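Enquirer: Per my numbering, the very first residue in the sequence shown carries number 1; after that it's consecutive.
Derived from the structure by calculation, the hints contain no laboratory data. All figures in this text were calculated on a predicted structure; none of them were measured in a lab. A hint or two may mislead.
[What the hints assert, rightly or not] Distance ranges between label pairs, derived from CB positions:
hint, residue 1, residue 2, range
1, Glu253, Lys516, 54 to 60 angstroms
2, Pro287, Gly400, 45 to 51 angstroms
3, Asn507, Gly560, 24 to 30 angstroms
4, Asn474, Ser375, 28 to 34 angstroms
5, Lys368, Lys163, 29 to 35 angstroms
6, Gly400, Gln495, 43 to 49 angstroms
[Claimed, not checked] Result set (SDA-like, lysine to any residue): computed pairs, CA atoms no more than 25 angstroms apart in a straight line:
hint, residue 1, residue 2
7, Lys276, Tyr301
8, Lys243, Gly400
9, Lys398, Phe364
Using N, Cα and C, we set each Cβ at its ideal position, and we do this for glycine too.
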Amino acid sequence: MAAATPTEIPAPEGSGLGMDARLDQETAQWLRWDQNPLTSESVKQLIAGGNKEELRKCFGARMEFGTAGLRAPMGAGISRMNDLTIIQTTQGFCRYLEKQFSDLKQRGVVISFDARAHPASGGSSRRFARLAATAFITQGVPVYLFSDITPTPFVPYTVSHLKLCAGIMITASHNPKQDNGYKVYWDNGAQIISPHDRGISQAIEENLEPWPQAWEESLVDSSPLLHNPSASIGNDYFEDLKKYCFHRTVNKESKVKFVHTSVHGVGHEFVQLAFKAFDLAPPKAVPQQKDPDPEFPTVKYPNPEEGKGVLTLSFALADKIKAKIVLANDPDADRLAVAEKQDSGEWRVFSGNELGALLGWWLFTSWKEKNQDQSNLKDTYMLSSTVSSKILRAIALKEGFHFEETLTGFKWMGNRAQQLGDQGKTVLFAFEEAIGYMCCPFVLDKDGVSAAVICAELASFLATKNLSLSQQLNAIYVEYGYHITTASYFICHDQGTIQKLFGNLRNYDGKNNYPKMCGKFEISAIRDLTTGYDDSQPDKKAVLPTSKSSQMITFTFANGGVATMRTSGTEPKIKYYAELCAPPGNRYGVAAMTLIPETSWFCSSVK
Numbered sequence: 001m002a003a004a005t006p007t008e009i010p011a012p013e014g015s016g017l018g019m020d021a022r023l024d025q026e027t028a029q030w031l032r033w034d035q036n037p038l039t040s041e042s043v044k045q046l047i048a049g050g051n052k053e054e055l056r057k058c059f060g061a062r063m064e065f066g067t068a069g070l071r072a073p074m075g076a077g078i079s080r081m082n083d084l085t086i087i088q089t090t091q092g093f094c095r096y097l098e099k100q101f102s103d104l105k106q107r108g109v110v111i112s113f114d115a116r117a118h119p120a121s122g123g124s125s126r127r128f129a130r131l132a133a134t135a136f137i138t139q140g141v142p143v144y145l146f147s148d149i150t151p152t153p154f155v156p157y158t159v160s161h162l163k164l165c166a167g168i169m170i171t172a173s174h175n176p177k178q179d180n181g182y183k184v185y186w187d188n189g190a191q192i193i194s195p196h197d198r199g200i201s202q203a204i205e206e207n208l209e210p211w212p213q214a215w216e217e218s219l220v221d222s223s224p225l226l227h228n229p230s231a232s233i234g235n236d237y238f239e240d241l242k243k244y245c246f247h248r249t250v251n252k253e254s255k256v257k258f259v260h261t262s263v264h265g266v267g268h269e270f271v272q273l274a275f276k277a278f279d280l281a282p283p284k285a286v287p288q289q290k291d292p293d294p295e296f297p298t299v300k301y302p303n304p305e306e307g308k309g310v311l312t313l314s315f316a317l318a319d320k321i322k323a324k325i326v327l328a329n330d331p332d333a334d335r336l337a338v339a340e341k342q343d344s345g346e347w348r349v350f351s352g353n354e355l356g357a358l359l360g361w362w363l364f365t366s367w368k369e370k371n372q373d374q375s376n377l378k379d380t381y382m383l384s385s386t387v388s389s390k391i392l393r394a395i396a397l398k399e400g401f402h403f404e405e406t407l408t409g410f411k412w413m414g415n416r417a418q419q420l421g422d423q424g425k426t427v428l429f430a431f432e433e434a435i436g437y438m439c440c441p442f443v444l445d446k447d448g449v450s451a452a453v454i455c456a457e458l459a460s461f462l463a464t465k466n467l468s469l470s471q472q473l474n475a476i477y478v479e480y481g482y483h484i485t486t487a488s489y490f491i492c493h494d495q496g497t498i499q500k501l502f503g504n505l506r507n508y509d510g511k512n513n514y515p516k517m518c519g520k521f522e523i524s525a526i527r528d529l530t531t532g533y534d535d536s537q538p539d540k541k542a543v544l545p546t547s548k549s550s551q552m553i554t555f556t557f558a559n560g561g562v563a564t565m566r567t568s569g570t571e572p573k574i575k576y577y578a579e580l581c582a583p584p585g586n587r588y589g590v591a592a593m594t595l596i597p598e599t600s601w602f603c604s605s606v607k
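Assemble the whole structure, with the sequences as input and the hints as a guide.
Expert: Next up, the structure:
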């Protein structure tokens, strides 16, 4: 189902703050510490020109370090990604790790980066990674620094594989070109969760002044503490990936053609190697998007989740070479979008939920063929985020394995998968609707490289049965029940508007009263993971963890529908999701499922 067009919500006028003494103090301190001539000069020019509005943008508030790390535009100031904020962040992270791990100086950390760059400020992912490595090396901590760009999943893989204390990935994933980010993994190979985010944030504040050698980036070139894991980790990753190849003979003989785009990111070389590991013929790369380019010149947004607009060049190449399947990674190759040419001649871009259904079915089917003992099912799990489709739950109910849902984000699924693994359980698959898939538990995060080649093997296998991906998806719905979903977002930069919107939902017709109807649809249950309220529970308390720092309300409807609104942790977006589920054999899901009219539902909440 097509997503609604994203909508921009304007910030209210007159919300600016005057330039105060604190702002003067921040800029003066910045100029004392910043040794990047481009960013320091830009600040001097803003001060000389009296550009208070831009100074407020740069220095009004320090970037908040959360469980997703940092993500912000590159440029000067404490609210931006730049050399100095990278140094400050890494110093704080290093001090925090020293308190958490007595063997930090024996085990070390891994650091990698994508291809982003911002010439105006002299910032780039590569330079940020080298500055981060410098901070650790000056404190005697071994650093495994990749010598060139890698997909994000290579960092959690390296943490687990080499038993390191932590990992850092410098990337802004699929964000606009001016952004960059600082993503952190713990020693279990999963993204950090609370209380580590708060501990790291406090340590950053306590270590703002650059250490004596903080700017001596050349230290990393000669230090015995520096290790380059590129070759060994690349080899080991693809050897581990081979264990998830279930039909090598089919792959060798397959005539299915694939087109792949890395959307100007890091994925090309690694997806080619993944296909080789599975004995599949290499996919044809979209030439205009094959090589890394921080300008992302051929797309408005470098995010394949946006659908057909990002895949125009892929479709053109596929039509030219008569390929029926397009595989698209986002720029840091941790996500995957898939499109298939239909008999009508139209291209179908699968939603994240649809591809989650296909991959979940495939991985369970392949596992079951190798594990005939039904008793193994009691120790077998699949996971998805709470805003994703419940299709895995339906499959689990019929097949007998376990399904669990977590809070939104792979930090929760990765940590839960690790916990289950420690208990001797097998986690076959985890996914989120935002085209993120964990197909191989040796990476406790979403991985677009493994997902791409596993999807290609699935398509090759189905071709031997004269089935398309679309036909198999329909077969899954027939067997396990139709699950119809829609999801999109609104862009909103203003926190006041966001607070008002969710406040109105919580006080719809009086204090602490949520809405009881949405148009003609009756609301039967409400879960608010910001406040911890859940009226479907006997004690009215939510089972999933809650967070006051993010907004998330879920409405369950009497007709079986579920709708959720939440704020994004990495982008200025208010996201919404809706799903209706039909039991197996009930085709009313095709003929009569009318999803909640999301725009009227949203607009009524901000009246």
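Enquirer: Run every hint past the structure and note whether it holds.
Expert: A quick look at each hint next to the structure:
1. Glu253 to Lys516: 54 to 60 angstroms: Cβ of Glu253 to Cβ of Lys516: about 59 angstroms, so the range 54 to 60 angstroms holds.
2. Pro287 to Gly400: 45 to 51 angstroms: 47 angstroms, holds
3. Asn507 to Gly560: 24 to 30 angstroms: 27 angstroms, holds
4. Asn474 to Ser375: 28 to 34 angstroms: 32 angstroms, holds
5. Lys368 to Lys163: 29 to 35 angstroms: 32 angstroms, holds
6. Gly400 to Gln495: 43 to 49 angstroms: At 46 angstroms between Cβs, range holds.
7. Lys276 to Tyr301: 30 angstroms, violated
8. Lys243 to Gly400: 24 angstroms, holds
9. Lys398 to Phe364: Given that 25 angstroms is the threshold and the Cα spacing comes to 12 angstroms, the pair holds.
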